[in-house]
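Protein chains in written order, with the numbering used here: chain A, 1 to 310; chain B, 311 to 720; chain C, 721 to 1036.
Hints were generated in silico from the structure; no laboratory data involved.
No incorrect hints appear here.
When the alpha-carbon atoms are kept at most 30 Å apart in a straight line, the in silico DSSO-like pairs for lysine-lysine are as follows:
no.	chain 1	residue 1	chain 2	residue 2
1	C	LYS872	B	LYS424
2	C	LYS825	A	LYS12
3	A	LYS110	A	LYS201
4	A	LYS114	C	LYS1021
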Amino acid sequence: MLNLEKTNKSLKKTLIAFIIFLIIVGIWKPLALVYGIQRGGLYSLIGLPLALILGIVGILNLAHGDFLTLGLYIGYIFYSSWSIDPIISMIPLFFILFGLGTVLYSILIKNVLKAGHLNQLLLTFGISMIIIELIKIIWTTRPRSVYTSYASSSVTLGNMSIGMYEFIYPAMAIAVLVILQFFLKKTRLGQAASAVGQNPKGAEIVGINTNVVYLVVFSIAFGIIGISAAVMLPRTAIFPLSGNSYTLKSFALAAMAGLGNLNGILIGGITLGIAEAIVQSIPGYEGWSDVVFFGILIAVILLNAYRRPE
Amino acid sequence: MKRIFLVMMSLLMVFSFALAAEKPIKIGAVNPLGDITGDQATKAMKLAVKEINDAGGVLGRPIELIVIDDEMNPAKGAAAIERLATVENVDFFVGGMGSGVHLAQVPILKKYQKITVWIGAASHQAEIAMGPDADWYFHLHPWDYQQGEGYGVGWTEIVHAYPEVKIEKVFLAYEEGAFGTDSYTSYIDLYEEAKRGEGSWKEVLKEFKGASFKSAALGGGDYRAMLNQAKSFNPDLFIWAGYDADAIPIVAQAREVNFQPPLFVGAPPGWPADFGKNPLSNNVILYGMWAPTLNEVSAVAKHFYDSYVEMWKEEPATYFAPLGYTNIYFLVEGIKKAGSLDKNAIIEALRTIEYESPLGEVLKIEPSRIIKNQGFKYQKILQWQNGKQEVIWPLDLATTQLVYPFKFGK
Amino acid sequence: MMKKRLFLIITLLAIILMIFLPYFIGAYLLHVLMTIFIYMSLALSWDMMLRTGQLSFGVAGFFGVGSYASIITCSRFGFNPLVSILFAGFFVALIALGLGFAVLKLRDIYFSITTLAITMVFSVIIRNMPRLTGGASGKVIPNVIFNGDSTKTYWLILSLALITILISEIFNRTKIHFAINSIRNDEIIARSSGINILGYLLFVFIISSALQGMAGAIYTQQYGFVSPETTFSLDFLLLPMAMALVGGIYSTWGSVIGAVVLGFASEYLKLFMPYGHQIIYGIMIVLIILFLPKGIYGSTKDRLVTYKIEKLSLSE
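Model the full assembly from the supplied sequences, consistent with the hints where possible.
Laid out in structure tokens, this is it:
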């Protein structure tokens, strides 16, 4: 499933095109560039775990965004009960979600691995329903929030006020990506994971314990969801459907980048974020940003499909 | 002596049996139980029913409230009406919240034509769907266009009462769904009127601009593009029409973008649980129908608040709670005044009642654009001060003075 | 031979029973059945596409476009409601034809996400054309179909469900069945057998989309309004999918059983459990997937087959 055909050359070409794009937007609409990098970084950060699970374990997790919501609520509890700063709660959130992923995998996911993609899809859909309803019962639909003084801090350049906090999104996305690439390429377990993602049956024949690989990858992905929740906490309203819309966006990103192309998630995420921001900055056309998001997605997928030989 | 006593006792027993065997008057409610608005409306309705039954019921009979969840789903909401009408055989329909759900219920309500007192559906589309011939339909919630008109009255009075307040340029940020867009079309109509020198906004609406945003409740949450547009327009009055999930992020991002209009107004249907505790909330103005501080100026409001807290061990958090209470009491007053369950008698009675509601104002029925029986017309203008929602307008219900201009808290 | 005739007689009796149902049951139960039949048609048409190996996420999109096509032709151009429903099916079929040429070359998740993206694009475009579609506020028609007569509306929806079942059975019994199965199992072998893959995919795509469009049109005519938020709701994608999976995919009976089970559960659970009934619904889905991986119908059929084989081998 993983695509090892992405050679260094084509990665360099994409990077150069990307940087040129950034420079053009920066001159034309600087604020859109800033917002796009920030929001796009968030899409990438949240998209990485879904792509990881989809690429290596092969499961499309429809409850992805809802676990993000769960992470937000847990972070909220840390803040309201023990006054723990959201950024610091990144550490316990990583481990809590990591543990949650391990438990989820062992109890539920393992059993449907043999049953096919559709059953896995339906299972995660059922889990998503259960999580949302559980949250509604415990916390009601009223939103909550976490207040930090630094969340709205900004820097003034000319007559533009540029928010500083949200730069943490692309920063974390890059950090997580670098760590993940290191893990997948340089560690034994990571290399095994790449192999399993490429060819599960072949990996088993070679003696890799696919079950352990799946378990670890699943848990790491969930841990990253925990990290995302922590950084989102100061800027997001916390309600039962907070994370739900990110499932679709993450799925879109993973498909656009191509399975196994984690770098593509970062570049794709930021590109889509910038495209959205550009459309939103045109007065009267704000409502079209979704069309641009999904339009670009469809265009990229179709182009890739027609470029690939039969 | 003994014989008289025996006769009296047996007469008493027959009488009490007859009373106990009195069939209850059935009221059917369709509310979104999974959302705080529907949940608290239901609880408030149950409170009202209990109070009324404890006081002897209506026409000597107890009332029975049957509530079905509409799950904020149009088809389910419609099925709920069918069930209440044909399986539970209710005599009246009450409740409601969402406009989309109500649109699906309208054809079915028209089929049964039972007396309906509805507290939901602000969208003018629902009024169009119901049409002018539904004498049995009473709509208590202000329509979207009425709310806009009311705020014109309110701001004009505020500008006269507070000489330092100046309003000429108004910017409306509206969420891109049905709720926000309805708000926008209302303001466009009001602006056209004001330009001709007519309508309630003619003194305070000289320039108007609107921009849409994607609500956080529906997957958005980045308002900075819209806020920058507002900033360059430099309005005297900034209003955002979205959902409770937008309340805090929008103020936080306004601060980040350094957009500080003199009047910062939010118009969501409800507010987050801890908005008051958030330092960013200070001096934000809100449109709403009710606030707990009304307890200070209205005895009915205070009675409702205290009884609700006592019965449910929680505080009412949304105006749908007192509205649900009003819903039941208003209907019951109509039945009492009619003196019977005759439909036409009750319709006539409801049209003439003036009920003092825990929303702080008197409920009266008047025609609106299309339907004949409309209840509340205007909402109120309130302001968050030190964590509490204080009433600024109507001036006779004001609980404190307006703080002007708006400045971000530290 | 006898079995087939018996089966045919039972089916006919069942259909006659369904037709005369409105005279026996109340308006509420009829309403619930109408909703179930709409979802059943969606589930079945989704399953038809699934049999070709393509997981389509476009159900809600075609449902929505059909809805809008019907309501716009009715209110703007004065079409008769029934004609507008047929037009909606035809219109959606045309769109599916156009889209199909581009999109049916995609496979796996790429096809899925593209159909989902197309749904979103439809929804946003419609929202941004207020003069034609009413924009975000939606559109209301003054009279619902048949003036709200439940019986006639029921018959209309029943017809759609029966037509969908008929088409599904045709796909399952004629030589189309072999072609579709072959495509699903291995496209390379299918192509070398001379099967025109794109042709079959297009054919199934157009028919299933048209059915979804008509379901949307009928739903809209029944309630008399559209709005982007409610009409393009992903509920019209996820719930039919769940029904088909819970009942058993790749079969007609599966979607029928799934729609009935989940449809009744979602309506009646809340009467017993006013708060939190969605959790039970979610738990039901999880349990069925864990313990009946082939769905209710699929697992039952398997068990019947095993039982028969055991009986046969015992009687040897």
